[in-house]
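Enquirer: Read off the chains here:
2 protein chains.
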Amino acid sequence: MAIKSYLSEQKLLVEAAFETFIPKAEGVVKKHIEAMRYSLFAGGKRIRPILCLAAARAVGGESVDDQDILPVACALECIHTYSLIHDDLPAMDNDDLRRGKATNHVLFGEAAAILAGDGLLTWAFDLLSNPDSSKLAAEKKLAITHCIARAAGSYGMVGGQDLDIANENSEFPFETLQTIHRSKTGALITASVISGGICGGAAPDTLAALEKYGDKVGLAFQIVDDLLNITATTEQLGKAAGSDAERGKATYPAHFGIEETRHLAKQAVEEAKNRLTGFDEKAKPLRLLADYIYTRSH
Amino acid sequence: MAIKSYLSEQKLLVEAAFETFIPKAEGVVKKHIEAMRYSLFAGGKRIRPILCLAAARAVGGESVDDQDILPVACALECIHTYSLIHDDLPAMDNDDLRRGKATNHVLFGEAAAILAGDGLLTWAFDLLSNPDSSKLAAEKKLAITHCIARAAGSYGMVGGQDLDIANENSEFPFETLQTIHRSKTGALITASVISGGICGGAAPDTLAALEKYGDKVGLAFQIVDDLLNITATTEQLGKAAGSDAERGKATYPAHFGIEETRHLAKQAVEEAKNRLTGFDEKAKPLRLLADYIYTRSH
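First to last, the protein sequences are chains A and B.
The first sequence finishes on residue 298 if you use the numbering used here, and the numbering steps up by one all the way, no holes.
The second sequence finishes on residue 1298 if you use the numbering used here, and the numbering steps up by one all the way, no holes.
These are calculated hints, taken from the structure and not from any lab test.
One or more hints might be untrue.
Said to hold, decoys possible - Below, in silico cross-link-like pairs of lysine-lysine (DSS-like), each with a Cα-Cα straight-line distance of 27 Å or less:
| no. | chain 1 | residue 1 | chain 2 | residue 2 |
| --- | --- | --- | --- | --- |
| 1 | B | K1045 | B | K1282 |
| 2 | B | K1030 | A | K249 |
| 3 | A | K135 | B | K1030 |
| 4 | A | K249 | A | K4 |
| 5 | B | K1249 | A | K30 |
Said to hold, decoys possible - Derived coverage of chain B by chain A (criterion: at least 3 residues anywhere in the stretch with Cβ under 8 Å from a Cβ of chain A; other residues may be distant):
| no. | segment |
| --- | --- |
| 6 | 1031-1040 |
| 7 | 1110-1118 |
| 8 | 1140-1150 |
| 9 | 1159-1171 |
Backbone N, C-alpha and C define an ideal beta-carbon position, used for all residues, glycine too.
Build the full structure now, drawing on both the sequences and the hints.
Expert: Pasting the structure below:
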């Protein structure tokens, strides 16, 4: 299996599911939903939904119906997209460019962008808790909703973003950098893997292995993000390169230098794959995804 | 039963439950949670949680355990509070004063305020979907989560706020004003009543009656809000009086004049109470709450 064709095929699957599971731009709130859809459809690698699908299949194999995972996958991308819209706001990172396009607030104005983010976040929970969105049992839907809410909130992504902003231009220990990375990026990536595992009917010890895999993959993802912010161009990234240094953000390369950081990212990927030793070949996409996270160029 | 003592007793019950169900300001995200708690504990009438509790008891009587309703009641107040924090932001209504205190962004800065709102919204769904928060069955928790997500999101509160902002200083038909009121304020009030009904084990026709009651009470609430914005002082309101006219917002008094608006509010309250004819004396607090919404002075 070639990772590139796998990724583009899965991306298409996820984006086709948006048409089923994301509100249409019509009716009285047409403009508001247009703003939500603009950022959701503005590209993106769809890593979180793809990890969720891959984890479900790694556990459940052919017994898992894609239609039961896709609402969860779409909800994860809604949450990721809302976080980008709010992070880009003038009061936060003040970014004009994202995925090579104007950021939400540049196009729709600040108030509409805040509300587009709020709308996407809330829609994610609408989708996750919808009794009619799939055949998954209520207990599973509830467990998935709770796992994702915990990861997205104050003890995960939102709390990490707050710490990140609060610590700009200040010296802080490596442990704080790790906490920021784990909560801001790692938590939702881990929740993507765990929620996929729950969709696939994983037993508790399997879920625990998936959680550790997710944790290491999330760490690798953020370390590589730090690296690319230095080594890639704005054109490659589709967002401002070099912005971390400009904002005085603590990053892995700032702490360890580029070579050692590369080594640490590679190590995290290997550790992630080691967590899957008890899994059979159905977990091959999870292994390839870990490798891809290290080799990606944007 | 005197409504004043009932309200203050229920308010105490809800605020005591915050200590159980709301994150403590400690650990690495201490400052972020302080910002969330600041607005949550800054006063407020706790109307939504109280409606939720009253609806559950109107339906389930003594068989309903307060401990099963309180997590839902707290989640509703988290969502209401997040909406106030985001509405007050400079990019939205740009308000400095709320409940007689500095608004969140004035005290904590804009970035932290946006994240405090995001954190409260996400915590609400964490609480609603937490399998261990109460003894309610997974099916009920899921139905409650979904009902509240739908009401809080793009087809409810968030969509209504977007319409409200987009239509400032513009002429629009009365139907649009109704849509804004119904979605911005009415939807979450109705969801408070319905989610209480689900906690109490209401049958579908009882839920339908509660929904109609909630709809009329929500309408009355917003009409009275429009009135108070003109007739009350900033001191009474704890927020800027006269701000609607200043911002060119369409309101009931602007459309109908003060006397006719009072009549319409009274009518909505009577219609709300009429929806409860099939309920026994356990619904007395719901009837008194409807009256209170008309007579309140802030």
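Enquirer: The structure should be examined with respect to each hint, and the outcome stated for every one.
Expert: Hint check results:
no.	hint	verdict
1	B/K1045 x B/K1282	holds (22 Å)
2	B/K1030 x A/K249	holds (20 Å)
3	A/K135 x B/K1030	violated (40 Å)
4	A/K249 x A/K4	violated (32 Å)
5	B/K1249 x A/K30	holds (20 Å)
6	1031-1040	holds (count 4)
7	1110-1118	holds (count 7)
8	1140-1150	holds (count 7)
9	1159-1171	holds (count 6)
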